[in-house]
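Here is how the chains run, residue by residue.
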Amino acid sequence: MRYIWLILTITAVVWYTFVTAYVAFKGVTDIKEMLKKLGEKD
Amino acid sequence: MTNFNWLLDGSIVGLYLLVTMAAGLYVRKYVGKVDDFLVAGREMNVYLGIASLAATEFGIVTCMYTAEAGYKYGFAGATPGIAMALSMLVIGYTGFCIKPLRDSGVITIPQLIEKQFGPRVRWAAGVVIVLGGLLNMGVFLRIGGQFLVTIVGLKVTSFNLFGYQVGYLEAMMTVLLVGVATYTILGGMLSVLITDFLQFVVMSVGLIAVTLLVLVYVGWDKIVTTVEANYGAGGFNPFVHPDLGWPYVLFQVMLNFAAVLTWQTTIARVLAAKDSLTGQKIYVRTSFFFVCRFLIPGIWGIAALATLGQVTNSLDAMPTFLATFVPVGLMGLCIAAMLAADMSTDSSYMLTWGSVIYNDIMGPFRKEAWSEKKGILINRMIVALIGVFLLFYGLWYPLEGDVWTYLGITGTIYLASISVLLISSCYWKGANSWGAFGSIFFAAAIPVMFLVLEKTPGTKDLAKQIGPYYSGIAAYVFSALAMFTFSLLKPRKGEIA
Chain H
1 MRYIWLILTI TAVVWYTFVT AYVAFKGVTD IKEMLKKLGE KD
Chain E
43 MTNFNWLLDG SIVGLYLLVT MAAGLYVRKY VGKVDDFLVA GREMNVYLGI
93 ASLAATEFGI VTCMYTAEAG YKYGFAGATP GIAMALSMLV IGYTGFCIKP
143 LRDSGVITIP QLIEKQFGPR VRWAAGVVIV LGGLLNMGVF LRIGGQFLVT
193 IVGLKVTSFN LFGYQVGYLE AMMTVLLVGV ATYTILGGML SVLITDFLQF
243 VVMSVGLIAV TLLVLVYVGW DKIVTTVEAN YGAGGFNPFV HPDLGWPYVL
293 FQVMLNFAAV LTWQTTIARV LAAKDSLTGQ KIYVRTSFFF VCRFLIPGIW
343 GIAALATLGQ VTNSLDAMPT FLATFVPVGL MGLCIAAMLA ADMSTDSSYM
393 LTWGSVIYND IMGPFRKEAW SEKKGILINR MIVALIGVFL LFYGLWYPLE
443 GDVWTYLGIT GTIYLASISV LLISSCYWKG ANSWGAFGSI FFAAAIPVMF
493 LVLEKTPGTK DLAKQIGPYY SGIAAYVFSA LAMFTFSLLK PRKGEIA
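The listed protein sequences derive, respectively, from chains H and E.
Be aware that the first sequence starts at 1, since it is given in the numbering used here, and climbs by one per residue.
Be aware that the second sequence starts at 43, since it is given in the numbering used here, and climbs by one per residue.
Think of the hints as simulated: they come from the structure by calculation, not from any bench.
We put the beta carbon where it would ideally sit given N, CA and C, even for glycine.
Treat the hints with caution; some may be incorrect.
[To be verified] Listed below are the simulated DSSO-like cross-link pairs for lysine-lysine, each with C-alpha atoms no more than 30 Å apart in a straight line:
| # | chain 1 | residue 1 | chain 2 | residue 2 |
| --- | --- | --- | --- | --- |
| 1 | H | K37 | E | K141 |
| 2 | H | K36 | E | K416 |
| 3 | E | K157 | E | K497 |
| 4 | E | K71 | H | K37 |
| 5 | H | K36 | E | K323 |
| 6 | E | K409 | H | K32 |
| 7 | E | K409 | H | K36 |
| 8 | E | K416 | H | K26 |
| 9 | E | K506 | E | K157 |
| 10 | E | K157 | E | K264 |
| 11 | E | K141 | E | K75 |
| 12 | E | K416 | E | K75 |
[Stated by the list, open to error] Some chain H residues near chain E, calculated using beta-carbon distances under 8 Å:
| # | residue |
| --- | --- |
| 13 | I7 |
| 14 | W15 |
| 15 | F18 |
| 16 | E33 |
Bound-form chain H, shown alone (with noise of 0.2 Å):
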């Protein structure tokens, strides 16, 4: 079971690491679309 948790842990950082970049990159393109369009439903 040892082997599953250190599997498990190694998989969450890596993976955690990734999104945190990448939703960090696209989230703000994301956030532009968003503003512009509610701006121009205004």
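Place chain E on chain H using the hints.
Just chain E now, with coordinates in the frame of chain H:
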């Protein structure tokens, strides 16, 4: 003892707070309608959704109870995270319930429930959702304050303010709440989404940095040997842990499946998504975060056990450990990360429970439609009142047992019935209002009864014998059985009653 440096770490925290507040307040100008305030005009896309969902579902309280679970149960304490990740992956992939829910264009779940069960069931569903949600959230502030006081290392418990002795814990709770409430009241879901994004980034950087530090300086071998020495095989496998076992695992599966389907703060991201496919993508791509959500602070908790040994209050173990383990500079980032986590959770929770009060509890009493301006004003007042309630409830309620169990039990008050009602309204035409009321009654009565038994001196031992897991399982089972049985008992049109 703490490594917190008021000048360096304090400046990092101050800068973070300034940027977040400014961003939260800036977007309030885009709020023109109730829909903008409650669901951000349904313009949210996938990556903002992932950031918002992850930030909302990770607060200081999450970090504290998941670390406590790691401290008390070893790796087995991360079981709920796996159950939640699998539930979210399956529901997101298949669109089970969330697709019809988003396609219907509703703001809250009770609004969809009304279509099959009528306005009275919608109102009752709104009441149990708010009851369960607010009882659940009631302990967030105290635990957040407890974490901050411990990690900053305040030695005295109170200070003098204009002749009154004010506790540091209470002062921390109030400051936290006022900051969050300000931008939530003004900008609604829009402010929540923008600040959630910033908070996700800060929170994640802090969490990853501290975890790497723990893995390097405490070491994997020490973490594993600590779990082995304290809990044996049970520390790795929940089924053989003496305090957990199959009732714990089964309760976690039921609880987390229901939470992914119906927890209003989670489902609000699906409802704010620009379409159902976007909502499904947000679920699928965020699902693994819920493993991280339990495992990462769980490892901090185990590291606390390895470093401090057994302490009196298991909830304080992780912040006590971090106070001396995290170096100056990184400590500021760590506290900013925790503040980010807490602020995003509190703001979202206040807004979403407020949306149910406005939409489903007050809705039936509105004789004529309110103007958008009046609707936004009422929503802002509701959020402010929820803030006041949280402050007083957090100060008053003495928390016993572990935090995750308390949250599971109070959450079950509504999760059990609302998940049954949602599934029935999406997939069972034969379900009706009798079944719905029966389901709501049993799902609320069993956990409330357990909490009362637990708090009453004469029945405390009985509550201990029953345990939170059996009472939780009973709530889900009886809620589903009640829906089925009472729906069949109600006479159909044309039948003699």
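Here is how each hint holds up against the structure:
{"no.": "1", "hint": "H/K37 / E/K141", "result": "24 Å, holds"}
{"no.": "2", "hint": "H/K36 / E/K416", "result": "25 Å, holds"}
{"no.": "3", "hint": "E/K157 / E/K497", "result": "38 Å, violated"}
{"no.": "4", "hint": "E/K71 / H/K37", "result": "13 Å, holds"}
{"no.": "5", "hint": "H/K36 / E/K323", "result": "22 Å, holds"}
{"no.": "6", "hint": "E/K409 / H/K32", "result": "39 Å, violated"}
{"no.": "7", "hint": "E/K409 / H/K36", "result": "35 Å, violated"}
{"no.": "8", "hint": "E/K416 / H/K26", "result": "35 Å, violated"}
{"no.": "9", "hint": "E/K506 / E/K157", "result": "41 Å, violated"}
{"no.": "10", "hint": "E/K157 / E/K264", "result": "56 Å, violated"}
{"no.": "11", "hint": "E/K141 / E/K75", "result": "25 Å, holds"}
{"no.": "12", "hint": "E/K416 / E/K75", "result": "10 Å, holds"}
{"no.": "13", "hint": "I7", "result": "11 Å, violated"}
{"no.": "14", "hint": "W15", "result": "6 Å, holds"}
{"no.": "15", "hint": "F18", "result": "10 Å, violated"}
{"no.": "16", "hint": "E33", "result": "6 Å, holds"}
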